[in-house]
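We have chain Y; now place chain D onto it with these hints.
Number of protein chains: 2
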Amino acid sequence: MTRTAAALLIGNEILTGKIQETNLAVLAKELFRLGVEMRRVVICQDKIDTIATDLRELSQNHDYVVTSGGVGPTHDDVTIKAVAQAFDTEVVRSEELECRIRELVGDRLNDGHLRMADVPKGADMVEAGEFDWPTIRMRNVYVLPGLPGIFRAKIPMLRDNIGATRPFLSKAVFTTLRETDIAELLSAIEDEHPEVDVGSYPVLNEKYRVRVTFDGKDGAAIDLAVADLLAGIPETEILRR
Amino acid sequence: MTRTAAALLIGNEILTGKIQETNLAVLAKELFRLGVEMRRVVICQDKIDTIATDLRELSQNHDYVVTSGGVGPTHDDVTIKAVAQAFDTEVVRSEELECRIRELVGDRLNDGHLRMADVPKGADMVEAGEFDWPTIRMRNVYVLPGLPGIFRAKIPMLRDNIGATRPFLSKAVFTTLRETDIAELLSAIEDEHPEVDVGSYPVLNEKYRVRVTFDGKDGAAIDLAVADLLAGIPETEILRR
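Same order as they appear, the protein sequences are chains Y and D.
With our numbering as the guide, the letters of the first sequence map in order to residues 3 to 243.
With our numbering as the guide, the letters of the second sequence map in order to residues 3 to 243.
Do not rely on the hints blindly, as some may be mistaken.
The list treats identical chains as one, so a pair stands whether inside a single copy or across any two.
Cut-off 30 angstroms, straight-line C-alpha distance, at most; resulting in silico cross-link-like pairs (DSS-like, lysine-lysine) [what the hints assert, rightly or not]:
(1) K49 x K173
(2) K31 x K20
(3) K20 x K83
(4) K173 x K83
(5) K219 x K83
(6) K219 x K20
(7) K123 x K49
Just so you know, these hints were derived from the structure itself, not from any lab.
Excised from the complex, chain Y in its bound form:
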């Protein structure tokens, strides 16, 4: 069985267009490589009830959930509380994290720092080599920070922790034909190779008109599907295969 994942991206800054979200693509590529099927992403506001409701649903229906954002010392950082609520538990201060914060911060210590030691009761701390700071995992939910540089740096931890199974593979064919001209052929190929997910992506202003992608875990099946496409369209209409 292919493992499944979902992501919950938390933050008003995404929904108001203040930032161009980039964590999702980083996560999606990694899960693809790990052979985990990312089925769903929700982007929600910084509201405890909303986050908790979404998390509960996503956690129940997927093997893994990764959250991004809302972990920090300020009033709009409510992810930890929401994770606790989603799992009907409370927020507790981790003695271990508090110790580490006191060591790091020394005399500058304030309530903001101490809030960073708050965790949902029952959460695990996943240690990762590169970091001096553990990742909070509650059941199947990995709580990651939204800051792109740190989010990206947490990916090796995720990789080590959930582990790879048979990876997804992908091949692409670029054609100068229009989607309307290959629609029927693609449909036949998809029917013929049910284990291959055939995607068709038109572009503007490129040397090709459509990128056809073939995804799946069975490399031989992918090759057969690609061959079917190549056999079905004139060679002059194929680019960079």
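Same frame as chain Y, but now just chain D:
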């Protein structure tokens, strides 16, 4: 009452990391300017049942829903069918669209072209000046194509069609202080100005450490909240205000 919106971004290419999604930020910025609160975004696979379930839920709980992707002639373009299913109706071929397609395409006409004339029964065709092609709207759902260039070009249609109310305004203060140092102050400001949404966004490798944003529809309230922050931190710790 502030109007609300949601977006449904449809496509395996986003969930497998093949593309960096960019339509959301374009839409989010526009809705912000129009004074519409974007509350939620879902990114889902190209599956009719999934899309239909999500659409029904999003449509019931928001004033507007914008979909992106899955409208084309190929097997993985299932958005129209899903919209019909979401509203318990069927897909019908629009005579008007079929006429227009026949005019455009002439002798090249094939089934792929004709599929572009399929619409959910009961849908409106929203005409827009810049385009020779209408946008399908089903109740409060606007069905937009995923191709970024075309998605972006549809924004003026959306603007004209849903219209502007009092826009959201936003101001930002950049500070060299750490989030932990201003967390308490921000919390007090948020409490003092409930009509202002205060956001705190740390960054790495910039001349400032945190961008504090103040969003709302009441410009005077925003200015007061900004003034409270400026009064609460040393001037030397403020950058580019």
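Against the structure, the hints:
1. K49 x K173: between (40 angstroms within a copy, 21 angstroms between copies)
2. K31 x K20: both (24 angstroms within a copy, 7 angstroms between copies)
3. K20 x K83: within (24 angstroms within a copy, 33 angstroms between copies)
4. K173 x K83: between (42 angstroms within a copy, 28 angstroms between copies)
5. K219 x K83: Close across copies (28 angstroms), not inside one copy (38 angstroms); limit 30 angstroms.
6. K219 x K20: Between copies, since 16 angstroms is at most 30 angstroms while 37 angstroms is not.
7. K123 x K49: within (20 angstroms within a copy, 37 angstroms between copies)
When the structure is compared with the earlier hints, no violation turns up for any of them.
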